[in-house]
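**Q** For the sequence shown, numbering that gives the first Met the number 0 assigns the number 0 to the initial residue and increments by one for each residue that follows.
Just so you know, not all the hints are guaranteed correct.
[Said to hold, decoys possible] As a list, the in silico SDA-like pairs of lysine to any residue whose alpha-carbon atoms are at most 20 Å apart:
hint	residue 1	residue 2
1	LYS114	ALA73
2	LYS179	LEU14
3	LYS179	GLU17
4	LYS179	ARG119
[Stated by the list, open to error] Here are the in silico distance ranges between beta carbons for each label pair:
hint	residue 1	residue 2	range
5	VAL18	ALA83	25 to 31 Å
6	GLN140	ARG184	35 to 41 Å
7	GLY53	ALA183	17 to 23 Å
Worth flagging that the hints you see were computed from the coordinates, not collected in a lab.
All residues carry an ideal CB built from backbone N, CA and C; glycine is no exception.
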Amino acid sequence: MPLLVAAAREELGDLQGEVVGVGPVVAAASAGRILATTRPDAVIMVGTAGAYTGGPAIGQAIVAERLGMSWGVAAMGLGYVPRAPAPLRCDAGLLGRIDLPRHDVLTVGAITTDKTLGRRIADGYTVEHMEAFGVACAADQLGIPFVVVLGITNAVGPDAHVQWLTHRDAAQRAARDAVKHLLAR
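With these hints in hand, go ahead and build the complete structure from the sequences.
**A** What follows is the structure in structure tokens.
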């Protein structure tokens with residue numbers, strides 16, 4: 000049986016699942032503990048996210064194909080990461096069961112509100128999310144297949160928070176509806 004996880008209880012709505020918490024470190028630690036204890040057949044993460052320029056439209060649900068991690072200071076040339084983790088790919092079998100647009104999702108430590116930084120860190124990614132890579136890393140280390148389904152709430156940039164507040168309910172519903180369809184298959 001797959002385990003459904005989300006950063007916040009609101010993202011789960013009426014679905015049964017576990018909350019991993021907000022932010023990449025908290026999500027990774029919580030997911031590691033939860034997955035080591037429950038040992039599910041698969042992990043499905045559901046949540047909301049922002050779109051980089053050229054990414055999916057607000058309100059659309061997407062499925063992650065590739066997940067990466069970025070540190071803004073490194074992208075701006077103000078620091079470096081000696082051994083950055085390699086991108087992870089969502090499970091092909093789970094992806095094949097979801098009829099949603101596929102996007103590459105970048106995990107960051109904070110919501111990007113600066114357009115210049117957003118352009119610098121995007122680097123081929125079209126969606127920004129704060130917890131996906133941490134959850135995927137925990138699942139990958141335990142050999143558990145995973146997939147990430149996200150509803151797009153905002154464009155990455157200075158209006159991100161206002162747009163998130165405006166569109167989060169509809170985006171959460173779109174992501175949950177896609178997960179319900181996946182679980183029914």
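**Q** Look at each hint and say if it fits the structure.
**A** Each hint tested on the structure:
Simply put, LYS114 and ALA73 have alpha-carbon atoms about 16 Å apart, close enough for the 20 Å limit, and the pair holds. The hinted pair formed by LYS179 and LEU14 meets the criterion: a straight-line CA distance of about 8 Å does not exceed 20 Å. For the given pair, LYS179 sits about 16 Å from GLU17 by alpha-carbon distance, which is consistent with the 20 Å threshold. Note on LYS179 and ARG119: the hinted pairing is violated, with a Cα-Cα distance of about 35 Å set against a maximum of 20 Å.
Under the hint 25 to 31 Å, the C-beta atoms of VAL18 and ALA83, about 27 Å apart, fit the expected range. Range check, GLN140 to ARG184: about 27 Å between beta-carbon atoms, so the 35 to 41 Å window is missed. At roughly 32 Å, the beta carbons of GLY53 and ALA183 sit outside the given window of 17 to 23 Å.
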